[in-house]
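Visitor: Since the structure of chain Y is provided, determine the placement of chain P on it from the hints.
Protein chains in written order, with this note's numbering: chain Y, 112 to 434; chain P, 1090 to 1655.
Certain hints may be false.
[Unchecked claim] The following label-pair restraints were derived from C-beta to C-beta distances:
1. Y:Arg292 <-> P:Val1552: 35 to 43 Å
2. P:Leu1276 <-> Y:Arg297: 20 to 28 Å
3. Y:Arg297 <-> P:Ala1574: 37 to 45 Å
4. P:Thr1602 <-> Y:Glu301: 43 to 51 Å
5. Y:Asp332 <-> P:Arg1130: 21 to 29 Å
6. Y:Leu339 <-> P:Ala1286: 26 to 34 Å
7. Y:Asp332 <-> P:Leu1276: 44 to 52 Å
8. P:Leu1276 <-> Y:Asp284: 28 to 36 Å
9. P:Ile1139 <-> Y:Gly176: 33 to 41 Å
Keep in mind the hints are simulated off the structure, nothing from the lab. Glycine included, C-beta positions come from ideal geometry on N, C-alpha and C.
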Amino acid sequence: MAREPLTRAEFLKILAAGAGGIVFLRGSEDALAAITGVDDDLDQAALDGDGSRAAGLPYMTVVHGTPIETNVRTAIAKLGGMRRFVSSGDDVIVKPNICAARASKYAATTNPAVVATLVRLARGAGARRVRVMDNPISTNPASAYKASGIKAAVEKAGGSMHIMSATRYKAYDIPGGKLRRHPIYRDMLECDTLINVPIAKQHGSTGLTLAGKNLMGCTSDRGRMHNLGLSRTIAELNAKLRPDLTVIDAVRILVANGPTGGSLADVRRKDIVIASRDWVAADAYATRLFGRKPGFVPYIAASAAMGLGKTDLSGLNIKKYEV
Amino acid sequence: MAREDRDGAPNARRAPRDAPGAQPDGSGGARRRTGGWKAARNARRAVQIITFATFVYLLFGGLQRLEPLPFADIFFRFDPLAALATMLSARAWLPPFGLALVTVALTVLFGRFWCGWICPLGTLLGWLRFRSARRLSERVPAALRRVKYVVLGAVVLLAALANLTLLVLDPISLLTRTATTSAIPGLVYVVDALERAGMTWGPTAGVVTVVEERLRGSVLPMIQPRYEQAVALFLILLAVILLNVLADRFWCRYLCPLGALLGLIAKVQILRPLVGDACDRCGACARACRLDAIEIVTETGHGSPAGRPRPTAPVASVVTSECTMCLDCLVACPRPGAMSFGLTARPGPWAPYDPGRREVVVAAGIGLGAAVLLGTGVARAIKHPGLVRPPGAQDEGRFLSRCLRCSECMKVCPTSGLQPSLTESGLEGLWTPVLKPRLGYCDYACNACGQVCPSGAIPPLTVAAKRTRVIGVAVIDRDRCLPWAADTPCIVCQEMCPVPDKAIELGGQRLITRADGSEDYLARPTVVASRCIGCGICEHKCPVEGPAAIIVMPSDPDLAGGVPQG
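Isolated chain Y (complex conformation) (with noise of 0.2 Å):
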């Protein structure tokens, strides 16, 4: 998350929430994994990291296999379990692309299974709220929401949808000198901890939409940032929204025709999921599924030249898993 210098009143506010969460974390923990079903080997360590601190985390996980549930809970439970980035009375918004009413199967939304596993392991970890949310480009939220199959899938994991309003955006300061302010979601900042979770597509005007190119849904204002110049501005809203965790799904991913896809012909089946910390290295690992290099997606250059993350994954300690 995007940290400012602190006013007094959100010290206060911060010492206040951590008294709070002290005082839940106490009195629930049992609780909570009696509501998760916490139980087996995986889901612990899913949430609590599989005990690999003292050899040094992964800087990114890639998993590949099914079930998909599986695959995320590894991916995660590599990467330091999901209790590295949510505590507990957390509040946690998970960020899909959400962007058109279509079944997962086409390629243009979230899997389903991806989301619904991050927000199950977010409550697992004691977020006291995980709500899931997008502001579709091409569609209501409404339709999207529930012929993504994203709506049933949360639910049933227990989060909840939320439908973005235009009463709550709100105009920022953003670094990097182009955007300078700009709306973003209020709720996006002022959460405790922001999961961004693309799929991965074919774009026509970025080339790929990865997980840079997803936190423009937390914008109200696009045109404004095609007519500053995507890439530019897709790495300043970036730095400004800093999300804590990044799971690319590329269980399915839209070769072309993106970023609404609608046939099957330009789905690929891959399932993989990469997690990371670091959204550019991310990003820039997600092109090599595509037969690319980094340097197809101009923006994740210019996330790297703003210090974002790294496009260079030679040196990076990249785990691969297969389940």
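Guide: Same frame as chain Y, now just chain P:
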């Protein structure tokens, strides 16, 4: 609103109701028990509140919802005028309107109970009263009551000629249209403004958040609804309300075509307030009547000077075609046995202002004249470029003969793209829905307009079927399109296109050299008309300022994919 005191005028037909002396309660053995009628009147008031609240609830039950409440249009289905006109015009039995027969049957029993108990516009006009009405209503000529029959005749005759234009005067249609286009958008605007203000202050921010979480997407619409002509449409309802300055429920007395239709049926009303022998012509009932529907016979007839007059005709009578069954007269009557509520086979009295041959002729003249003039409109010769109808409503003749102008479809449209037409289909199609894609597109995932349409003018289609209905075809303006006109990369229309094979082709990127020597990779979009369904999301999202560089035009429904494009 307080009522004006007119005690000074001895023959005043309208004195303050419930005034001291009007009910000589406790006058010995002649004490009249009005408690029962008071209870009935309270029941009427309660029913009015309930039906009005239901109407408002249903307005929101069909507001930008993909799955509108199944009975959001129930008031239209009970509306005999809408039923009669639409079935005449469509020349078909329309099953949803079968419920109107219930209203007709109940009207034979109870007269214009619809007006006094059910009609949301009547209820609204009953609540919004003005002090001046008591004084001014005497000056409104009673003959004006004939106007509503003329309106009714014109509506029905025009409908028989397959034209529903005058159904804009149906009270349910009028009220729904105003609520859709101005009242609800105004309310949403206020709520959103309050929310924005409330969010800036800690203590209220929490409340706003709760309101948002609970109501957004169910009660509160997903986007701010906006309608062309909102102010004009609001002013029409305001004028109807302000006519109450002249007389209580002016619209219901003088203008309402539905009231006229029910009034004609009520001539044979079976159960109604009856005036009995005990009546001494005191006029309390007439003074109590808000519709001035009670006639007092002034000559006394023969009778002994010492005793009660013995009239040969009833001394007072309720004109059933004007009575809205509010029951106020029964509450007001001070004499036992003077008024009762009972069964009669006798037709209601024929009042001097009831319609005659002349009204029939005038109505026929208006109806025929309107049909002829509307028939000569230019809209029938030239298809207006903006005449993009909702999915499934492409047969213009069929559509116009079924559309009630109720605006339910516009209210439910999640993008607010369906707008009341003004010129697109001529005066003939006034306030029928047209898609204005620049304002809002036809959502690929939505079939709501066909679900809420009361008359089937927009057919109910499954989402899958609706996706195949061609409502128009997109045309690119190459003089405005960024890649074509300015060598600026842009593919927004293509990426938004929802059809599986994409109706917009980019044809690959080409390296271009601009006049200033700069080079860029550019793809120039073209429309594949055979795949385009005319949803208009391309026009809506086109980033060019002002009119879009890609515009949806009406297409010939018989041609797959509309018109070919060069």
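Visitor: Hint by hint, note whether the structure agrees.
Guide: Each hint, compared with the structure:
no., hint, in the structure
1, Y:Arg292 <-> P:Val1552: 35 to 43 Å, "holds (40 Å)"
2, P:Leu1276 <-> Y:Arg297: 20 to 28 Å, "holds (24 Å)"
3, Y:Arg297 <-> P:Ala1574: 37 to 45 Å, "holds (38 Å)"
4, P:Thr1602 <-> Y:Glu301: 43 to 51 Å, "holds (48 Å)"
5, Y:Asp332 <-> P:Arg1130: 21 to 29 Å, "violated (57 Å)"
6, Y:Leu339 <-> P:Ala1286: 26 to 34 Å, "holds (30 Å)"
7, Y:Asp332 <-> P:Leu1276: 44 to 52 Å, "violated (26 Å)"
8, P:Leu1276 <-> Y:Asp284: 28 to 36 Å, "holds (34 Å)"
9, P:Ile1139 <-> Y:Gly176: 33 to 41 Å, "violated (60 Å)"
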